[in-house]
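Undergrad: Residue numbers (my numbering), protein chains in the order written: chain G, 1 to 303; chain C, 1001 to 1420; chain H, 2001 to 2548.
Since the hints were made in silico from the structure, they are not lab data. A couple of the hints might just be wrong.
Stated by the list, open to error - Lysine to aspartate or glutamate pairs mimicking DMTMM-like chemistry, simulated, CA-CA at most 25 Å apart:
| no. | chain 1 | residue 1 | chain 2 | residue 2 |
| --- | --- | --- | --- | --- |
| 1 | G | 115 | G | 85 |
| 2 | H | 2297 | H | 2247 |
| 3 | H | 2297 | G | 279 |
| 4 | G | 192 | H | 2181 |
| 5 | H | 2297 | G | 257 |
| 6 | G | 130 | G | 141 |
| 7 | H | 2297 | G | 235 |
| 8 | G | 130 | G | 99 |
| 9 | H | 2297 | G | 234 |
| 10 | G | 192 | G | 70 |
| 11 | G | 192 | H | 2113 |
| 12 | H | 2297 | G | 50 |
| 13 | H | 2297 | G | 47 |
| 14 | G | 115 | G | 92 |
| 15 | H | 2297 | G | 280 |
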Amino acid sequence: MTGLLLLAACTGDAAECMDGYVASAGGTCEEAPDSAAPSDSATGRWERPEIPEAPWSADELVGVIDDLLDHGLPDQVALKDLYLEMLDQGRDGSCPNSDGTTIFAMLTDSCTSDKGYTFYGIAAFLEDTKQPDDPQPDAADYVFNMAPASFGITDPDGDTYYAGGAFYYEGRFDDDDVTWAGETNGSFGYPKSEGLIGAGYASSLDASGTYGPSGDSLTAMGSLNLNDIAAFIDELTWDTATCGGVAQGSVRVRTADGYWYRASFGADCEACGPLTYADEAFGELCYDWAPALQAFSDTMRTL
Amino acid sequence: MTWTRRRWLQAAAAGLLVPAPLWAAAAPTDRRFLFVFARGGWDQSFCFAPEMLSLSGVQADPDGVAAELNGIPFVDNSLRPNVSGFFRAYGDRTAVINGIEIRSIAHEMCTRLLLTGSQDPVADDWAAILAGHGDPGLTLPHVQVVGPSFSDLYTSKVVRVGLAGQFASLLDGTALSASDLAVAALPVTAEDPVALMLRDRTAALQAGSRSGSDSERFYREYGQALDALADVQDQSDELELSVSGDLGGQIELVLSCFERGLSRCGFVTHDGWQDLGWDTHGNNALQHDNYEELFEALNVLMAELDSRQGPSGDPLSQETVVVVFSEMGRTPRINQSGGKDHWTFTSAMLVGAGVQGGQAVGAYDDSVFGEPVDLASGAIDESGGVRLTGGHLGATILALADVDPGPWTGDEGPILSVLD
Amino acid sequence: MSGLIWLALACTDAVVPDPPATDSATSPDSWTEPVRFEPLPAPRLLRRMSLDLLGVLPDLDDLDRVDADPDALAQVRDDLLEDPRLEDRLVQLLADRFLTRIDTFPLSHRDYELEDTQEHPFELAVGEEPLRLMAHVAAQDLPWTDIVTADYTLANGLLRQVWPLTSTDDTDDWAVSTWTDGRPAVGILASNGLWWRYATTPFNYNRARAAAVSRLLLCEDYLARPVTLTSSPTLADEDGTEQAVREDPACLACHVTMDPLAAAFFGFWWFDIYDTQELTYYHPEREPYNEVFLGMKTSYFGHPVSGLAEVGLAIAADTRFRTCAAETVAESLWRRPVTVDDFDHVQHLRALFEDGELRLKVLLAAVTDSGEYGADGPLEGDDDHGAVTVRLITPSQLATALADLTGFTWTTEGFEQLGNDDRGYRTMAGGVDGVSVTSPQLSPSVSQALVARRVAEAAASHAVRQELLDDESDALLPGVDLDSEPGDAAFDSALDSLVWRLYAERQTDAEREELNALWSHVRGTDGADGAWAAVLTLLFRDPRMLST
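Chain G on its own, in the form it takes in the complex:
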């Protein structure tokens, strides 16, 4: 009651309010209707921009993923083979090195061999096959490693195999199966090659798996920029012997505006799964990852 009396009593001149506010009947200050209130922007508030309409439907996204995987997943074996091939074809007794190894460092100047190949940059590549009397019994049966590199090998036609990054592979016999692991991190390309390397690409794919009489399996994670499509594998697992060979995991695909689709799949061994766009539900995507994964697994067959 007292409060009501107070309220009723205070009907004299309104208390003074700040600019942009007016006194209400209740004596409080309220924002004036068209006040020159401090702008939202001046207080640090801002409106998130409207998210552009999704450029692809779920069906169209299937096509985008097809384009992404058109040349397959990045495989370090192809990078390795190309490196050794060009080194072998292009070197002479002193360029890019005089010790005949697979390591060279042209830090300030390039060299051109008498075969017409020009070498520039730094490449520290090693390859090793385990011998029966290897002092390290736990060593991989086969391993190759390009340590973080930045090089260019230009052929006599002027086409350059460029590499900025690193790649790695190791394979081990595991009874009748082979267990492998590897990474491809960086930017690579050579116009004369076919497939991904010919197109030039960037990736940071971290993968491991097995192959053998019992089938193939792999897990993968990483970023892909293939055929001008940016994608990110949150996780991907696949095993020909389980789940009917349906892959499980989550993959994202980026739009030109910088927003991401995210497709999850493989739950209950179903190839279809929920799709989101900019973190909002966007229906369902059905995609058969197995062919691309099988092709990739095939490239890992080095032992």
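Given the structure of chain G, go ahead and fit chains C and H onto it with the hints provided.
TA: Structure of chains C and H alone, referenced to chain G:
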């Protein structure tokens, strides 16, 4: 009113601060200082901290052996014979200071903290302060060859010579003949009249300015610079002011200035073996080569100091302090790239005149943090000691020059046990 | 009774609390700068403004005008702000703040197979790219927020040749250019030049970049806070460090805001920090690495954002961005760090800036109007003023001023000698190299005097050749030829005008006689051309020329 360092110093100059009791206003000594900066952050476990070899949490030099020569404990390794060679020959003149805390992990800030004791963007580093308190008649008070420099009140004392010997080519005029546009220096016969008139004009402008004003100070400092320039010009035939770029070449330039009594301070920088740097985030094994190359140069330096004379006729080693430091240390463990990252504790060395050698002050605890130190005795004192900082190092350096460190380092006093 | 008391209390004028005392600084008209300085005479203030805003000495006409009517200075200053040379000058001013004009980047011209003659142009172009964008925004009177929201950058022909850029301008000049590799519309935050300068390392995870953005654009310097490692063995390796920055309150004080901001920059993540492909292109596919490496999504000081594009918008809306713009301009023109004593003034500047639709020229005008900027010296007895009332001319100002006067630019094998330190004299002359030297020198020094000597001689030599020997110009010494002598109308007038132009002070009779004597003396041994070279050298080396 914000008390910036500039105001502290101005107040000190005006006698408005209570002088520190230990240092009455004494005349500056002629002691010279050569600062050798291992830029990028050295791994103290490879050299200064043999105690780390036995710590399970530390991946120290894998082939290092704890050793001691001339009272200096250090990490010995057959890959680094110059390190043991240095301590064998000069350990009795060397004080190693371990466990200096630099409260940042960024190179630029760490360098500033170690060289000025402060984050203040307007501050003089120890070398500039020393030069400012040296003989006012020095021609090139502080020769900055390669590396960072922080100056405010004593900017006029800092002489940069350029990364590629630019000072020499400017001095002899060849810098102009190399210009893309055809230009020439003044005819020789015109040099003196122009110089004289310029000096007179500058003096007149100074005289016409209010005493103590910025204008007066500007004209005065410019006049002093012109006088110093004339001195250098007179000696230019004998003075080798070009720099070969490597550490040895940089040091040679400074020694040349010391010999001729031109400079009080010099600053040189070692950017690692083949300039690959001390900042070994990948491939920490480079620290072997870095230390070996650095100490090779230090051995040559000390030999040169012993054999060359200063203006007094005495060997330079009797009047020179060598300060060897790096702005940060490195983490105890190796990262996934085979390197080590930044660590907020580092070590330093003081070598030479006025230094109580044959000792290592401070240490690293099991977590590789600096142990608290009793400044008077240099002993580890976990209950009453202080953790050493760049300010303590700076105070020690200033004390070696009979400069009261109080206005610059405040409560962070010198490590008395390091002073002879 | 208590109710009546309540009533009495309640119905006073303080039903609602009085509004907080008005921050007078938010009202542009209500705050006035205390008078603390003796002002410069108008011509000398114009000289300072002209060198700071355009990098050149003022025209004789403008000097005469403000000398006759000091009130005209404001209009002349406004004209300077509309001068096309402002844009180039802003590049230099901003270089000292953003520190991108460095001599060595992770990539060199050779990585792009450019000729060695393009070494210096390449370094210049890379370092200037973000600066040019900002200068363009300022000079074109665009809102300053465009520097973090623009969908373009500025690039010259060389950059368009080697980077994924396109432009409607097919000249070699700096022009609005668009990235073609999918990087978001975030102005300088999408700049190669900025990120090559502020790189990151494998275990830093873009934190250094977040710190740089905060310092440069918000004036919040994470690195100004002490970093004190607690006694914890978990910090011994990177796993322990990552745990500490997530859990230790001492580390979280910075990392709780730094890391989510760092999460926005993974499109610029490089797997080899010296590789051409890696550093040239934006990597949109790597944006999600924030979740992998930092374990978090992007947010801006607590506000979730979807990525770098929204970070730009968030910065644009941040009040600190506006205040920082005011501080940046104030520090650049006052030539000293802004302190807490400047709070009211900075808030006043910010208010003007906001009222002026965030156009940087509003700040430039306001700061050049300030008493501190126009100070000749303190009021009597106030020596503790903290202002910089006499400044050393910067090497970039000296270079452009002499070029404007004489046509001389000091290059050697294409390297701007007052703009680099590899072969040149930038820091020797008191400039900033962006790495070891991060603030301009304020006082003379031996090195600076030596550089000033040689550049003065070179400019004088060039001017004599142009004006007197080859007769290709008449701008510096109008009406003068090799037969002119002291006492000739053209000779006397030219020198008087030149001194007026150089120092914004009239030559005294005594000074005129001294110069004439010098000229005559040197003419006797080295001819009229030698005499003019000597006189010009002296004038260019005078401390009044080398100070502002």
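Undergrad: Among all the numbered hints in the text so far, which are the ones the structure does not match?
TA: none
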